[in-house]
Amino acid sequence: RKEVEQDPGPFNVPEGATVAFNCTYSNSASQSFFWYRQDCRKEPKLLMSVYSSGNEDGRFTAQLNRASQYISLLIRDSKLSDSATYLCVVRGQAGTALIFGKGTTLSVSS
Amino acid sequence: EPEVTQTPSHQVTQMGQEVILRCVPISNHLYFYWYRQILGQKVEFLVSFYNNEISEKSEIFDDQFSVERPDGSNFTLKIRSTKLEDSAMYFCASRPQTDTQYFGPGTRLTVL
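Heads up: the sequence lines are chains A and B, in that order.
Position 16, counted from 1, in the first sequence is what this note's numbering calls 16; the numbers after and before it change by one each time, with no gaps.
Position 65, counted from 1, in the second sequence is what this note's numbering calls 65; the numbers after and before it change by one each time, with no gaps.
Quick caveat, the hints were computed from the structure, so don't treat them as lab data.
All of these numbers come straight from a predicted model, not from anything done at the bench.
Built from N, CA and C at the ideal position, the CB exists for glycine as well.
Treat the hints with caution; some may be incorrect.
Claimed, not checked - Under the rule of at most 35 Å between Cα atoms (straight-line distance), these lysine-lysine pairs were calculated in the DSBU-like manner: (1) B:Lys-78 <-> A:Lys-42; (2) A:Lys-79 <-> B:Lys-57; (3) B:Lys-83 <-> A:Lys-45; (4) A:Lys-45 <-> B:Lys-78; (5) A:Lys-102 <-> A:Lys-79; (6) B:Lys-57 <-> A:Lys-102; (7) A:Lys-102 <-> B:Lys-83; (8) B:Lys-83 <-> A:Lys-42; (9) A:Lys-79 <-> B:Lys-83; (10) A:Lys-102 <-> B:Lys-78; (11) A:Lys-45 <-> A:Lys-102; (12) B:Lys-83 <-> B:Lys-57; (13) A:Lys-42 <-> B:Lys-57; (14) B:Lys-78 <-> A:Lys-79; (15) A:Lys-79 <-> A:Lys-45; (16) B:Lys-42 <-> A:Lys-42; (17) B:Lys-57 <-> A:Lys-45.
To be verified - Computed footprint of chain A on chain B, listed as stretches where at least three residues anywhere in the stretch have a Cβ under 8 Å from a Cβ of chain A: (18) 8–19; (19) 32–42; (20) 46–58.
With the hints as constraints, model all of the structure from the sequences given.
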């Protein structure tokens with residue numbers, strides 16, 4: 001079983017749409033959870049950390065369900081600039097290495 | 001805003017040659033990492049470094065790889081004898097005591 005699994009997409013949505021990405025992780029002892037954003041041929045950039053209580057940053061909302069080992073990201077009112085690959089990232093129990101999903105590609109069109 | 005920097009941005013080398021990829025982590029960060037991303041694949045952890053020693057490494061980080069912090073600012077990844085399959089984007093990352101890792105812009109390594 002893959003450690004972090006994501007639907008690769010692509011998700012093609014119009015501007016203003018709401019889009020949701022999901023992710024599952026295999027190690028129940030994982031400690032920390034993140035969404036990173038990666039533009040084509042660029043480095044991953046932290047979008048937000050994910051907490052069990054859920055957290056929101058502007059148009060972005062992240063949720064964590066530890067029982068189901070499931071992480072989600074909701075983007076409201078999509079902008080053209082949101083077009084990117086969204087990486088679900090988990091920090092394992094043993095150390096501080098980040099374990100990445102393969103990413104979900106979002107394309108927002110006008 | 002402080003950033004992780006990496007040089008060179010692109011390195012082309014012949015198979016069997018040694019390469020050194022360089023990184024300058026954010027100045028007050030304590031933990032340093034190397035990751036790689038083969039084109040079209042996920043980002044993969046290679047090694048973490050803390051207090052002048054390797055704290056964790058993956059299966060990918062075999063005897064061909066080494067890391068060093070030669071001075072107070074640089075953090076390097078050496079590949080002793082490059083193979084075609086080492087062609088990838090190599091990202092350096094650093095973090096303070098908190099959980100968040102900050103990534104550099106990467107070095108694209110092409111092995112011919």
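Exercise. If any of the earlier hints don't hold here, list their numbers in rising order.
Key: As far as the earlier hints go, 2, 9, 14 and 18 are violated by this structure, in ascending order.
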